[in-house]
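Trainee: Protein chains in written order, with my numbering: chain A, 1 to 590; chain B, 1 to 419.
Just so you know, not all the hints are guaranteed correct.
To be verified - Here are the simulated distance ranges between beta carbons:
(1) B:L236 / A:A25: 46 to 52 angstroms
(2) A:A28 / B:L20: 36 to 42 angstroms
(3) B:V40 / A:R95: 26 to 32 angstroms
(4) A:G18 / B:A152: 48 to 54 angstroms
(5) B:G43 / A:A20: 36 to 42 angstroms
(6) B:V37 / A:K203: 43 to 49 angstroms
What the hints assert, rightly or not - Simulated coverage check for chain A against chain B, where a stretch passes if three residues somewhere in it have a Cβ under 8 angstroms from a Cβ of chain B:
(7) 15-23
(8) 234-243
(9) 443-453
If you're looking for bench data, these hints aren't it; they were derived computationally from the structure.
Glycine included, C-beta positions come from ideal geometry on N, C-alpha and C.
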Amino acid sequence: MSFHPNDISRRARGAGAGLAVIFVALLAAFFRTQVLRNTQYALQSEENRLREVPLPAGRGIIYDRAGQIIAENVPGYSVSLLSPTADSLRASLSRLSGIVQLAPEQIEASVRRYRRAPNRPAVIFADAPFDVVSVLEEHRIDFPDLVIQSAPKRYYPDGQVVASFVGYVGEITEAELLRKEFEVYKAGQQIGKGGLEREYESKLRGQEGMRFVEVDARGRVVRDAGARADLAPKAPEPLYTNIDLDLQRYAASLFGDSIQGAVIAMEPRTGGVLALYSAPSYDPNRFIGGIPQEYWRQLNTDPRRPLYNKVIQGKYPPASTFKLATSAIALNRGIVGLDDHMPVSCTGGYQYGSRYFRCWEKKGHGNLSLARAIELSCDVYFYQLGLKIGLKNLLAGGISLGFDKRSGIDLPNEQRPTFPATAEYYDKRYGPRGWSNAVVLNLSIGQGENDQTVVNMAKFYSALATDGYAATPEIVRSNPERTRVLDLSPPQMAGLRVAMAGVVSGRGTAGSAVIQGVVLAGKTGTAQNAQNRNLDHAWFVGFAPAEEPKIVVAVFLEFGEHGYLAARIASKIVSRHLKAATTELIQTEG
Amino acid sequence: MSALNRRIVADYPLVVIALLLSLYGIAMVYSAGETDVRTVAAGVWKSQLVWLTLGVSVALIASRSSVRLLEWLTWPVYAGSLALLVVTLFFGSGAGTAASVKGWLTIGGIRLGQPAELAKVTVVLMLAKVLSANRNPPKSLLDLWRPALVVAAPWLLIMAQPDLGTGIAFIGIFFGMLFWSGVSPLLLILVASPAISLILAFSSWYWAAWFCLLIALVILYKPYITEGVSLVMANLGIGVMAPTLWESLAPYQQHRLLVFLNPSIDIRGAGWHVIQSQVAIGSGGFFGKGFTLGSQKRLAFLPAQHTDFIFAVLGEEMGFIGVTLALTLFLFLLLRTVKVAERANDSFSSMVAVGFATGWLVHILVNVGMTLNLMPITGIPLPFFSYGGSFMLASWLAVGIVLRISSEGRGGRPGTLGI
């Protein structure tokens with residue numbers, strides 16, 4: 001080598017400069033990583049370190065109008081597993097199945113939940129029974145990744161009494177998870193499945209809390225708590241309803257175990273629903289934490305269809321309860337007055353063309369005024385009235401009274417009633433020559449192409465009970481919504497109410513439903529049953545007190561045969577409500 | 001100067017720097033063992049402390065031995081280390097993350113050490129001897145055959161293990177010492193040109209640009225015609241052959257190189273190490289997460305955290321401040337060693353000092369660069385930091401020799417960090 005001092009020091013200077021450049025470059029690289037990109041890497045490091053364990057929040061409490069609890073949360077336990085991979089989850093689950101009973105379906109369900117949200121603990125038991133929890137707690141040490149935590153569980157103190165309107169909750173399904181409206185939901189979370197729980201899901205849903213556990217590189221839990229401060233779950237504001245739980249219980253008790261049907265009671269001026277019950281009902285508490293298969297099969301095979309809400313989903317011919325609509329349309333058009341008679345007296349039937357239309361009273365009613373015809377529900381009178389109105393006007397009138405629209409009650413899955421908008425409906429259905437004007441006769445007594453929900457009939461009667469404004473039924477208190485449907489003069493309105501009061505009196509069709517000291521006004525109905533000609537459906541829709549209505553009740557009894565049976569139930573509900581209301585009044589004064 | 005004086009005239013800055021680095025290193029090895037999940041790194045700091053003590057003793061002995069003795073010993077130790085490498089090929093075993101690398105001399109199941117670490121020292125000595133033999137530095141490619149042979153013999157044995165990282169270290173040492181011996185940098189570039197061709201061959205455009213530059217360099221340097229032509233032909237050949245060469249690599253080797261270029265293509269596999277290392281260092285921030293408190297390390301996200309990735313632990317826990325401190329100490333160590341080489345009494349000593357400095361530099365660059373994905377993962381240790389006895393001993397042996405050279409050298413006075 002050339003070892004001259006000058007050469008050496010030149011190379012030393014070169015080496016020094018080179019080293020300086022190299023180290024400055026290295027430091028710059030570290031500066032970029034550690035200082036400039038610190039935020040990004042710090043976040044990544046936290047993500048590495050922490051696994052989120054969701055803390056389920058309770059759902060909003062649902063109260064009745066007096067502050068009684070309809071739906072609340074009670075302590076429950078959920079069991080889940082934190083796993084780094086689906087395979088390790090499967091392995092842990094099969095080890096677990098040696099300790100607690102785990103069906104293969106449960107294992108598959110857990111693995112599916114894991115696949116949907118791999119960063120969350122996969123739920124094994126959404127609502128673990130206490131014995132399972134205690135067994136698992138004993139084996140805690142063998143399963144460090146097991147997450148056992150309290151999970152508030154929905155409870156309905158009145159069980160099947162309130163199921164018809166409150167619905168139930170359950171785990172969100174995979175189909176639901178794919179929907180846009182539920183995009184913030186995660187697999188394993190609870191969601192309202194029916195009734196108020198579904199309708200007010202966004203209000204009832206609590207804000208999930210978060211606990212952080214520390215895991216190592218293989219995803220095993222290293223530290224359970226204190227890794228980062230927990231985020232407490234937040235329960236939402238309670239939901240206040242118009243329901244009168246005492247009345248609801250009473251209404252349910254009237255149906256007992258044997259009667260199937262539906263009832264809705266509401267305040268005519270606000271539409272506030274006091275009670276809503278579909279019989280038979282089901283126990284929503286048994287649905288929490290997974291519906292037992294046996295129970296589910298039983299509910300689905302029961303011919304009385306407990307899961308089918310007969311208040312808002314069942315559609316039935318309104319029968320004679322519709323005669324008030326026919327009357328109102330005629331009065332509105334000035335075709336008749338309340339005291340006007342029809343040309344043909346009732347002799348038990350009416351000949352129209354080649355067909356003979358029967359009155360329900362074979363003996364005949366004789367010559368009646370409109371008011372009397374309502375009291376006695378004379379079919380012959382209304383056949384003629386319908387003919388006078390004419391098909392076109394009858395259909396138009398029905399539409400303006402809202403018989404083709406849903407009531408708008410705040411419950412999901414309300415069925416839309418069937419009511420033809422125009423005569424073209426018949427053309428389409430039967431062909432232009434396939435039907436005759438005789439359909440008017442059927443329509444005018446609430447039969448024919450007219451199927452109404454119980455709730456929609458109650459809505460119509462709320463207009464009769466007040467000044468012609470129909471109130472949209474409302475379970476949860478918000479803003480009462482009323483639309484004018486009846487354009488009648490006050491005397492006409494009063495006249496109709498007197499006639500309806502006559503129904504529930506010694507003179508009328510529901511004389512057995514008289515309440516001492518209260519005038520109940522309403523209309524019975526006996527609907528022909530398409531399934532079974534011998535077992536008619538029974539209707540009663542009415543309100544009380546007739547002079548100053550405080551409650552509208554619609555009662556429908558499947559295969560109830562006689563309208564007065566429905567009227568008796570309605571009458572009991574009304575008297576219970578009005579007595580309670582009177583007592584309340586005295587209390588406030590005292 | 002009397003022998004007594006010579007003992008006192010130690011190069012204190014060098015000693016202090018090397019000790020500081022070693023203590024810093026042991027602290028980090030200790031921290032690497034402090035995890036939430038028990039790892040092999042637990043408690044190894046104690047043995048590292050023993051190795052340090054041994055290393056310092058070796059340095060002490062080396063600093064008491066004359067450079068002439070060392071020069072006299074060069075041939076036997078070089079031959080001995082080659083022999084050990086050959087034996088290792090047959091009796092070698094792998095360890096840790098580099099389990100497939102048969103780098104450990106193992107007899108009767110007992111791992112005696114890594115001969116490659118010893119070879120690093122002996123190759124430096126041998127190269128120094130060869131390069132200092134002539135007054136004039138090699139001027140042509142042909143002149144380079146002797147030093148090339150000195151490196152090639154152990155290099156081939158090490159690549160057969162196969163230990164790519166140590167192989168890189170040898171090449172670094174080779175080029176560093178050639179530079180110090182006065183070989184023109186232009187010639188060095190020409191020597192390296194086939195390798196550069198190989199690297200740039202992945203893109204025809206880069207390679208074409210490089211090829212034009214090479215022609216210019218050849219014209220500028222004016223080597224012998226045959227040499228110039230063969231250089232150009234070699235580059236051309238490699239450029240053309242590169243795709244075939246790539247095909248001939250085992251899939252896992254190709255994968256490793258691809259992951260180096262883009263770790264995110266294999267987050268769970270080969271890219272995992274380097275991504276976790278970057279996350280650890282990056283999350284350390286300016287001041288670090290605190291000694292022993294790095295969560296990436298505690299939860300075993302870092303691979304080989306007490307050996308190859310010790311610097312990631314340092315980056316995570318000590319932050320940019322700690323990184324700066326470590327790198328500054330390393331820079332001082334290298335500058336001081338270069339200073340020693342500059343003032344050395346004879347060319348052999350000078351070459352030896354520079355050889356050690358280059359060896360350290362390559363290790364630092366490759367290891368630290370690896371933790372930031374600036375270099376491919378090659379399992380090369382960080383001097384004074386990575387846990388491991390052989391390398392600790394080798395490093396301190398080098399320190400001892402440099403100390404001796406320093407005290408024999410001109411102006412070898414105790415002094416300031418006069419660098």
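Trainee: None of the hints should be skipped; say for each whether it holds.
Mentor: Status of each hint after checking the structure:
no., hint, result
1, B:L236 / A:A25: 46 to 52 angstroms, "32 angstroms, violated"
2, A:A28 / B:L20: 36 to 42 angstroms, "23 angstroms, violated"
3, B:V40 / A:R95: 26 to 32 angstroms, "27 angstroms, holds"
4, A:G18 / B:A152: 48 to 54 angstroms, "25 angstroms, violated"
5, B:G43 / A:A20: 36 to 42 angstroms, "39 angstroms, holds"
6, B:V37 / A:K203: 43 to 49 angstroms, "45 angstroms, holds"
7, 15-23, "holds (count 6)"
8, 234-243, "violated (count 0)"
9, 443-453, "violated (count 0)"
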